[in-house]
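Take a look at the letters that make up each chain.
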Amino acid sequence: MQLIKSDINIDFLGKQKIGFALSLILIIVSMGSLIIHKGPNYGIDFVGGTLVQVKFSQNVAISDIRKGLTQLGLKDVSVQDFGQAEDNEYLIRTSNSETMENNLAASIASSIKESTGIAPNIRRVEMVGPQVGEDLKKKALLAIFYSLLFITIYISGRFELKWMLSGVTAGALMTAVYFLSIFNVSMPFLITAALVITLALYWFLSLKFAMGAIVALIHDVFITVGIFSLLNLDFSLPIIAALLTIIGYSLNDTIIVFDRIRENIKGGQSKDLFTELFNKSINETLSRTLLTSFTTLLVLFALFFLGGEIIHNFAFAMIIGVIIGTYSSIFVASPIVLAAHNRG
Amino acid sequence: MKVFTFKRMLILGILVTAIVCLLPTFFNTWPHKTINLGLDLQGGMHLVLEVQNEKAVEAELERSVHELKKELRDEGIKHLGISRQKNNTISARLQGEENKEGFEKIISQEFSNLLIPSPVTATDGVTYTLRLPDAEMDMIKKLATEQALETIRNRIDEFGVSEPDIRIQGDNRILLQLPGITDPDRAKNLIGKTAQLTFQLVNDDASVDNALKTTPPVGTEILYQNKMDPATGNVTKIPFLVKKQVLLDGSLLIDARIEFDQFQQAQVGIEFNRKGARIFDRITGQNIQKRLAIVLDKTVYSAPVIQDRIAGGKARITGRFTTEEAKDLAIALRAGSLPAPVKIIEERTVGPTLGADSVRMGLLSMVAGGILIILFMIIYYKRAGLIADLALIVNIILIGGGLAAFQATLTLPGIAGIILTIGMAVDANVIIYERIREELRFGKTALAAVHGGFEKATLTILDANVTTLIAAIVLFQFGTGPIKGFAVTLGLGIIASLFTALVLSKSIFDFILQNKKSSTLSI
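So the protein lines, in turn, are chains R and Y.
The numbering used here puts the first residue of the first sequence at 1, with every later residue one more than the last.
The numbering used here puts the first residue of the second sequence at 1, with every later residue one more than the last.
One chain only, chain R, in its complex shape (with noise of 0.2 Å):
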């Protein structure tokens, strides 16, 4: 069998413009939604908190078990459906962490079952510091950061094989951001300096198609939080992981077109029509850009329709960034770097 035809020619560079339109309202969009929510939906793993889910034997009013909520006279209280409706259960959360007496899940317990005479079963609880939640932010984006450090290091090595120019990358990024880290600078602001050293860097090196593959890995990180936002979802560890395992990932359909690319600029074209030998090679490359994806696709669709509500937005945000960074690596990676080879 066979979907993609082989002798299949879609003029993908022609259609850039489109490509590029769509990624800029996609940006600007999640850049909309993180401004006015004031930056990702954090967690209680991030910004500390409790969380308690409740099981009920059967139907009770969410407004009810708010009732019995305010006489505890919590922070920030939310009562939410879990799952699907005849499981009668229910997420509360709350941004009071520091238990008092030491049990609020107890207390949360037997106020809800004195309002909706229903004795609550308390599936899980998870409470986080507000300290920990600092430490574990802390975490999460030094692990982002260096991810994005060893995949940089080793993409620009392995695309332009030039380990030595990617080395005095790597020693210049870590000196740039060694000497901000002394300032004291917060993290957030510490990544996007790294990742503006590294373009720069690139684009003085002239390392192509390292660059490509970074702003594309940028785009696809930067859309998914975006989508997170935008749809009012938390940001919680297991949503880090997916955007890590995102960074990895989107890199192959990118690696799988830019070896197509490499190889046949080996057969010598003329600098005039890299044009079509980019549109070559990512139709060559097509079906099994597509294919992957699919497959990938597939599993993660029965984790989200069957995985159960726990898991339920990470394999959320895989599927963004599945479908995302296979966008990407056709519009955003081989255009960018058509770009610099036309520019140089």
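Calculated from the structure, these hints are not laboratory results.
Computed from a predicted structure; not experimentally measured.
Every residue, glycine too, gets a C-beta built ideally from N, C-alpha and C.
Do not take every clue at face value.
Covered by chain Y, per the in silico footprint, the following chain R stretches (three or more residues, Cβ under 8 Å) [claimed, not checked]:
#1 123-137
#2 307-318
Residues of chain Y clear of chain R, computed beta-carbon distances all greater than 12 Å [unchecked claim]:
#3 Thr129
#4 Ala266
#5 Thr460
Following the hints, complete the assembly by docking chain Y onto the known chain R.
Chain Y alone, transformed into the frame defined by chain R:
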């Protein structure tokens, strides 16, 4: 041609090893190492405690103040007040220059751990600001954390949790993993109890009401007793004016156990060692007709009037305990008090029913995803798809074997990692097969196409997997608990899929092509 080549034997060896490692998880066979389920799958409690070990430093300074006063009194050196300051120093004011020499002698002889700075002389006296060296302070803090760990371990052991994992994390944190806890509230209460038992005299010379309105007299403090009205269930707090001096504390206990009074009310009977019994004998003898407050974690439990000298070193703590409360208090007292209070700064508890649900749903989506992939590969690549499917099944066996062999913990995100691997493992096969098809289109023979396909796809596959592996390694380094489980299965999955795609699949192709004369390929 040979059937048993070195490479095939190696593949077989790896597969058999993985199966042997995996078997004990399902049957009771050698090597008896099963895959550990994380707390999110088997249910249990994850706690991070912060030992407030600066309190241990304060207690040490408080002790020094107490001893210093006693020494100065014995030596007849007059002072205008010695007290612990907020910034962990001791401020000592002497009456005049003539006391300086004697004071410094006592400090250097008896309190060698305190630094003696030059005194500040003012009109109203000479003030010394004594402090502990930083190294000493760090040592006290470190010891407090270690001692807290030991105490909590003892309490957990007595409480009866199978396979608890308790360890120090960072400078002052203790991480507890308690699988299968059925009553998390009770466990938390037991762990968090400081269990600082003290015997202090009630100050009956001054009125409590006056002290409440103004400040308590020097050397006394106000502590409360919680009294519950059995009819209404309301708790009232009764203030007591108690002398700060601790006559006897829980460190000299040798036993604590639950007892019942004539009304079947639970109470805790305690017994002191010989030294403790001697002290108890003396203080009860010296303070007849005075009230002795039994104080636990700064709460008065009872304050009976001493009727007579009590020899034998036995006492009771009463206070309307439930049987469970009394039992846990006895455990806490037996295991010893915490050197400093602890605070729960992170808790993640998963009930056993939710854990079971997570396992069920995780396995369901794994099977569903697996079947979808297997069907797709057969439909799209026919017989070659079957080889990819075989490789996929081997891949899952390898991950399982790896988890068991490394004694890694399988968590819910870990199951997600396996599911993700199922989707990503066939990626390598897709890349190879597409390349083989391409080679076939160029008119190459089946054998040449397969060789060309594998050869040209290998580097791309390696690259693509290395970047994901980097992400997995970083996640393993920075992740905690469940996320670490994800990093483990993802990492194992990547390595396994490199093996199954580049070594196993290729070997199967070679085997088929070697035994087949025809040059057609079902792909």
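Each hint tested on the structure:
1. 123-137: Check passed, 10 qualifying residues.
2. 307-318: holds (count 7)
3. Thr129: Holds, since 31 Å exceeds 12 Å.
4. Ala266: Holds: least Cβ distance 21 Å, greater than 12 Å.
5. Thr460: 5 Å, violated
Comparing the model with each numbered hint stated earlier shows that hint 5 is the single one that does not hold.
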